[in-house]
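Number of protein chains: 2
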Amino acid sequence: MDKQEFADLIFGDNPQKRPKWFSLLEDPIFKPRYNIPLNDQRQDAYHKLKKVTDAKIMSVLDFGSDPTNIFTAHEFMGQVDPSAGTKMTVQFNLFGGSVFALSTERHRWLFPKIDDLSVVGCFCLTELGYGNNAVKMETTFVYDEATKEFIVNTPTTKSQKYWITNSVNHANYALVFGQTIVKGKNEGVNAVLVRIRDDKMDAMPGVRIVDMGIKMGLNGVDNGALFFKDVRVPREYLMNRYSDVSEGGVFKSETQNIPSRFFKVTERLLSGRLCIASLCMGATRACLYIGIKYAMQRLGVGASGLSDTPIYDYQLQQNALLPLLARSVSLNTAHNRIKSIFAHPIGKEHEVLMMCCIDKCLVVWNLNAVAVTCRERSGGQGFLACNRFGEYLNLAHAGMTAEGDNRVLMIKVVKDYMGNVGAKKSGLPKMGMCPKNQLPKVPNLVDLNVLLDLLKFREITLFKSLVATLDQRCKVEKANQFEVLQYEVSDNVQSLAQAYGERQALEFCLDQLHSTKNADTKKVFATIFTLFASDIVLRDLGFYLSHQVVSQDAAKAFINSLPTQVKALSFHTKDVIESLNVPVHAIYTPIVGDYVGYNQEPHFGEVVNAKL
Amino acid sequence: MDKQEFADLIFGDNPQKRPKWFSLLEDPIFKPRYNIPLNDQRQDAYHKLKKVTDAKIMSVLDFGSDPTNIFTAHEFMGQVDPSAGTKMTVQFNLFGGSVFALSTERHRWLFPKIDDLSVVGCFCLTELGYGNNAVKMETTFVYDEATKEFIVNTPTTKSQKYWITNSVNHANYALVFGQTIVKGKNEGVNAVLVRIRDDKMDAMPGVRIVDMGIKMGLNGVDNGALFFKDVRVPREYLMNRYSDVSEGGVFKSETQNIPSRFFKVTERLLSGRLCIASLCMGATRACLYIGIKYAMQRLGVGASGLSDTPIYDYQLQQNALLPLLARSVSLNTAHNRIKSIFAHPIGKEHEVLMMCCIDKCLVVWNLNAVAVTCRERSGGQGFLACNRFGEYLNLAHAGMTAEGDNRVLMIKVVKDYMGNVGAKKSGLPKMGMCPKNQLPKVPNLVDLNVLLDLLKFREITLFKSLVATLDQRCKVEKANQFEVLQYEVSDNVQSLAQAYGERQALEFCLDQLHSTKNADTKKVFATIFTLFASDIVLRDLGFYLSHQVVSQDAAKAFINSLPTQVKALSFHTKDVIESLNVPVHAIYTPIVGDYVGYNQEPHFGEVVNAKL
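Protein sequence lines correspond, in order, to chains A and B.
When the letters of the first sequence are read in order and numbered with the UniProt record's numbering, they come out as residues 1 to 612.
When the letters of the second sequence are read in order and numbered with the UniProt record's numbering, they come out as residues 1 to 612.
Hints are not guaranteed to be accurate.
One copy or two, either will do: identical chains are not told apart, so a pair holds if it fits within one copy or between any two.
Stated by the list, open to error - Calculated pairs, EDC-like style, for lysine to aspartate or glutamate (alpha carbon to alpha carbon, straight line, at most 16 Å):
| hint | residue 1 | residue 2 |
| --- | --- | --- |
| 1 | 50 | 230 |
| 2 | 113 | 507 |
| 3 | 3 | 578 |
| 4 | 556 | 540 |
Honestly, the hints are just simulated from the structure, not real lab data.
Note that the structure is predicted; figures quoted are calculated from it, not measured.
The shape of chain A in the complex, shown without the other chains (with noise of 0.2 Å):
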């Protein structure tokens, strides 16, 4: 195959950024230290990001020329340091792609401040006790016309703004969401802009910083719980893009109604997760270039007795990482798509937010599993924090939970989804070469077309009994939808919203596929891609066959060819990790290089004076 094609279509940006970031990544500050005191670790996270913005390599106002610029950032450090990669999606997406977005001329003034650090945000919108229904927060901002500021407040003891990021050691101001009190009316969620930290960085007054301590990982990032007791902001530090209050103290506001205002204010948690799925999609090519590069070096036994044979070869190991290879490759054709989606949404305006939500989903959990497998058939090694897999599965683990549960975007996914079939914006997919009453008399499933078809008859079929049950239970039973949703049919929602992300992904890909020019690469591309869409169809079998799509005798034929898939791929699996665009040299893990020789002088789990 063509690696450099390869690798040009994975990267997802323009190739010609790439030989900046890895000559950026060159510099030692990237190489990791593991054993020490948790200050320091927040201070290393921050000295590499500084690194990086001093770079000039991307700003917050790539959000309007160029916001591809940013995820690719994200890509890169979700590879090198996932805590690093945390502080900055909060300085530039959360933080400072809200100022971008909700700012007026009044605000300019941040923007090269956020770009060069001299600016540190923080994003103040979960509270302790509204990690979901942000909507109810108790925060609020009264405005005090005598004084033409806003009092900033979090009242109990459940409205601390939690698990704030860079708040303990290095923000300096913080967009702090809240009720707009106006003339002791509630306005609804609105942003303000609070200066939290004086010159010398200590906190300002009535403003209180808890440090929130160790977690199960990425303790780079300073996570605290702040409140605010009596805290007076100008006027002016109202984000006023879409409301505004005047000076006498008269609120206006271009949404009319005042739930809805939330979205409007908080609608940056939409590039925040291609964001996070942009840091966890780097640090999954990582995991899988590390975890493979050992398995092809490792020797365990062989027929003759001795260790002589490389673990890779075992169909055990391929079995366990080439279907978890094929899957990551292809939701990052899916991702790279859909980045360029949202950079570009003409006339795909009303999928964006299902896009952004599917492909945080799918990209996070698909990193937890290869970092699991990669850390297991890693066996010990795997283990050690310098070959970094345990990093890897912490970041997974805070993306699930970041800019929103995965499994609540799950269900706004199919609320949108079922709000555009329902306004006719968009439609079931249809199904091409093989409809329903086809597919029975196919032989051999594995087949592109085919199995998209598979995909979208399961997308289909759950999308109308969704429908089904909801008009039943709410139109005909008078249920109560809410109550329908949470209690009643969770399990055809969630597997809706995957079975969308899935197909979507694998219609991607297959777009790419039509355009790849190397016929080598092409056929690299095609093996991969119908083992990721056998993979998922294996796992639903039972489904396809109760449903009777696939003959009995179809499907023993398909779960038999599933090792035949693997193997075929095995033999580009070399090619297909080199040409992941992972930096190789910033990664530092002993087991990717000459794990033996690191083992032959004491370095007490550290890399940073092992040669590698």
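Since the structure of chain A is already known, use the hints to place chain B on it.
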């Protein structure tokens, strides 16, 4: 249900031991600390272990009289401190248990010292290059007739003893495994006791101990790499129960086959697997307790739009957590039975290895699933170290690899299975209520007898297909059996081992069901075991449909039955989790108690000074 009866059955040991453990764990030493240096984490783990041994609640001699007592200790330590539990399993099982099993009269002085930690041991089996295929290890003991000593060497980088628990901080002795060279002949792998530190805890001459540093978790365990250079050990330090060297240098062994000696001296790995399973089973119970208890008090949005509904009420939460609860209680039931068969194997000697291996595999992987899901369903709170999911997850990862990689053990299970059937020591399971030709007519699969027959059908089918393939490839086509097993039939092998383990677990569950006294308790157990088996059949539904033992209509009805089954269990969940014998007073997780109150005062992620 009768919570006492339920709890006693889950406890799996004499329930009179429970209050002793509960009261021991009241000691404040079991309060965890998080943001402390690596060395303090290790000392903490040691002091917890010391507290346990000071209570004289267990002894290495229990392996002779009451091995279950040792497993019970592991179950408690898995809940309160996986690091201390890991140090304990090395001291009492791998080191102490090996000494118990391989020693003769001349080593008896060690037993009381192992019990009171005046001898702290390590188990030097694994080498850097021989984590798998340990029988080919490179460490040597050369017998020197002149001085009547063994000379111990790790001659190469690859032969350094790797991952050695207790070695960096606390051990003064090691049980070292190596190729035993007597009069120039390699007599295979044996074990010698080596003093590695003097009374001042300085390393003995020729012994070098390198700290392995930070791992993804269990950092309270002091893992090191050990190098031996011409270390002299008295002849009497050879563990000589099965093999011995006379003063004059004559090697004698009751095992004539040299490679077999390896399995004889490493047999503690067998009880070790039950120890690992016990640590993980304990952790599983605690994990479920924490995750479900939190869900029952954490409020999310309700029909009114207010945050007034415990997230436990959501079907999403129940469908995610309760099948895992069912599987965990069922595997716990099987685990208890296997512990007791290990203690009294009469008539089952040929199955003990299979049982111990599969118990570890199923229990450990289940802990991984439980920890991942509880963490995810607990959102951000689940990510804080003090809520413990992270460390339980890390324990699962350690467990997958320790005492034999799970996937490799699955191969061992299948080899023993085929050997036992071949030697007519045991047969294939017999289908009971519903022989194969009856199954397709069963309209309702939700019946324990039907489910058991389905599990048996799959096991028998997988067994026969594996044997048929091996016969064809090896006997007819003369292929090398090792190569066929490693390169061609991996999925069949892995699926068969799993099918065997799950079918056996369900049978053990049914046995217990028959002897459960209280009718309500029995009902709850039946609900749990049915969900456990249903979940398995659902996962493999494609297999059952393609083999035409389940009709399409039965399959559809069955898929729809799962949420109903979950709902049925949901009403008993509180009673069930409160009957898991979790020492709640020693878990110290803010989210099982008043987590809002915990967040009222700054605790910096710690629990030491918190009211919980």
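Here is what the structure says about each hint:
no.: 1; hint: 50 / 230; result: neither (33 Å within a copy, 51 Å between copies)
no.: 2; hint: 113 / 507; result: neither (41 Å within a copy, 67 Å between copies)
no.: 3; hint: 3 / 578; result: within (8 Å within a copy, 57 Å between copies)
no.: 4; hint: 556 / 540; result: both (14 Å within a copy, 13 Å between copies)
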